[in-house]
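Dock chain B against chain A, hints included.
Number of protein chains: 2
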Amino acid sequence: MEEILKGIKAGEERAVARAITLIENNPSERERLLQGLYPLARLPYLIGITGPPGSGKSTLSEKLIRAWRARGIRIGVIAVDPSSQSSGGALLGDRIRMGDVAVDQGVFIRSMATRGALGGLNPVVFDTVLLLSAAGYDYILIETVGVGQNEIDIVNLANTTLIVTIPAAGDEIQSLKAGLMEIGDIFVINKADLAGADRMVLTLEQMTALEGATEESWLPPVLKTIATSGEGLPGLIEGIDRHYQYINKYGLLEEKRKVIIKKQLISLLEKRLKERVLEPLIGSAEFKRAISRMLNFEEDPYTLVEKLLQEKGV
Amino acid sequence: MEEILKGIKAGEERAVARAITLIENNPSERERLLQGLYPLARLPYLIGITGPPGSGKSTLSEKLIRAWRARGIRIGVIAVDPSSQSSGGALLGDRIRMGDVAVDQGVFIRSMATRGALGGLNPVVFDTVLLLSAAGYDYILIETVGVGQNEIDIVNLANTTLIVTIPAAGDEIQSLKAGLMEIGDIFVINKADLAGADRMVLTLEQMTALEGATEESWLPPVLKTIATSGEGLPGLIEGIDRHYQYINKYGLLEEKRKVIIKKQLISLLEKRLKERVLEPLIGSAEFKRAISRMLNFEEDPYTLVEKLLQEKGV
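Chain order of the listed sequences is A and B.
Residue numbering for the first sequence is 221 to 534, as defined by the working numbering.
Residue numbering for the second sequence is 221 to 534, as defined by the working numbering.
Just so you know, not all the hints are guaranteed correct.
Just a few of them, taken from the derived set where beta-carbon distance is under 10 angstroms, the chain B residues facing chain A [stated by the list, open to error]:
{"id": "1", "residue": "Q255"}
{"id": "2", "residue": "L257"}
{"id": "3", "residue": "V345"}
{"id": "4", "residue": "I481"}
{"id": "5", "residue": "E490"}
{"id": "6", "residue": "E519"}
{"id": "7", "residue": "E531"}
Quick caveat, the hints were computed from the structure, so don't treat them as lab data.
Please read these numbers as outputs of a predicted model, since none were measured by experiment.
No residue lacks a Cβ here, since even glycine has one placed at the ideal position from N, Cα and C.
Just chain A, same shape as in the assembly (with noise of 0.2 angstroms):
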């Protein structure tokens, strides 16, 4: 253990690996790696892309890491698997064709479930944020696919969403609206070169602005991009440093980890009265002749609830 946070704190990329295993196979090593890792963390800028299989998201955020490693930023990848099959493959291939990039120091790829056993969005992701920002990568992208509630979890955490699209029929627009208008930060049609590219920047850009934006909010651009030729590619990075600048200045990045703290907190009160309180309870003599005793109508549940939490002392 000792030496498995010396190594996150080197930010060496197999020590990050061998963390992630104990965080998503082993309950009990993994609170301690998390005690340990926290004060080594820091906050960290996350960064959500999402998009329908086929829009080439994946060739972008290619192009994203390449411009931000020319830049010396150290980039962590979680690429969330989406929990239908048929799109499995996507982001395997994907992680592929991203090797050159992948075998990068300064560039840690890992794939991960998006939901936990419990339902809900994977602990493991929130761990692992924490760790990759603890072994100091600077972003942290985090990519789904789709447009479900898998991805708005995932794009709740995300301090810059960025929602990728391609040129598309007017209907097919306004279904994008009902899940993506409100959580996108910056939307980017790839693929500008197909038809109708145009059309659909104008008819998204009304919709965002329909969203209505005050003075200190922010308007979400609309960005043309063709990844493969790299074309549109320096106007997205700058609308991305843009967008960090905005969120820095009120402060939302800190804003953001409060309300997710929050959530974390509570989760974890949740879970831990379940395991000692509730399972206990539910598995005693006592709740059996519980029971038999409303069975019996002798007495009502109320009375009995009482007397079992009393015994617990809550």
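Structure of chain B alone, referenced to chain A:
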């Protein structure tokens, strides 16, 4: 309170109505009432009736109630208002149509919302079932509209579930299968004078047979009725009688009540733990301090939650 309990014991409708109002609006009185009710209560026989709007299930209910009344059976009716406003009028209209049945002293009719404030099946429904059994109603009929989670929750309470439909096209039968085939004990094809009734009986019979009846298990009958003229009613009443005998033979009335009681106790325990442990913790100064210690990377959530719970003695 004493007076209400005495009235309930005597089966007085006014006392029952006042008790439901207490249950719905006055949490502390509600518990006192339930405590007083338990010694009076009996194992109730619950009949669930569900189906799409326009399937004639209220006319059917009315005819069933008349037939049962002729046998001297007292019937409590809980009409569960659907959450969707669009079909909200149906049940109200039904209640008015059932007017002359409703003035009969042997029938008590009450409508209520499906969902409780915290989501999940409205706990008022549980308590009203108990109340009606204490007031000496022999059968409790729960009427719902639709095929959503609301209906499935209600049906899970019932000992005998009637699924009412009307003759329909093949693909509509398929959609019925998904939600209701597993939970129906008796299938009623009402308005059986419409075209396609016999074909629908055959299709449904094949589907119920596929569910795999063993020697001891119940093979749901598929019955044709014309509620308005009363055709098929004797067959339906006989089908319900047979199912009642079946569940009595195998002790399923008590078995189902045991499952429901367990759920009721667990959900009450969860509620109390939330009120007495979780919420005070979240509101405490220690919790605020924990958030700020995490924000400053001074301590990890596991250690902080441990300290919070220790202060509560958990």
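Going through the hints against the structure:
Against a cut-off of 10 angstroms between C-beta atoms, the interface hint on Q255 of chain B holds, since the closest Cβ of chain A lies about 5 angstroms away. The beta carbon of L257 of chain B comes within 7 angstroms of a beta carbon in chain A, closer than 10 angstroms, and the hint placing it at the interface holds. Using the Cβ-Cβ criterion of 10 angstroms, the hint placing V345 of chain B at the interface with chain A is not satisfied: the shortest such distance is roughly 14 angstroms. Given hint, I481 of chain B at the interface with chain A, holds; its Cβ is 5 angstroms from that chain's nearest Cβ, closer than 10 angstroms.
Taking 10 angstroms as the C-beta cut-off, the interface hint given for E490 of chain B holds, the closest approach to chain A being about 7 angstroms. Using the Cβ-Cβ criterion of 10 angstroms, the hint placing E519 of chain B at the interface with chain A is satisfied: the shortest such distance is roughly 6 angstroms. The beta carbon of E531 of chain B comes no nearer than 12 angstroms to any beta carbon in chain A, farther than 10 angstroms, and the hint placing it at the interface is violated.
The earlier numbered hints that this structure contradicts are 3 and 7.
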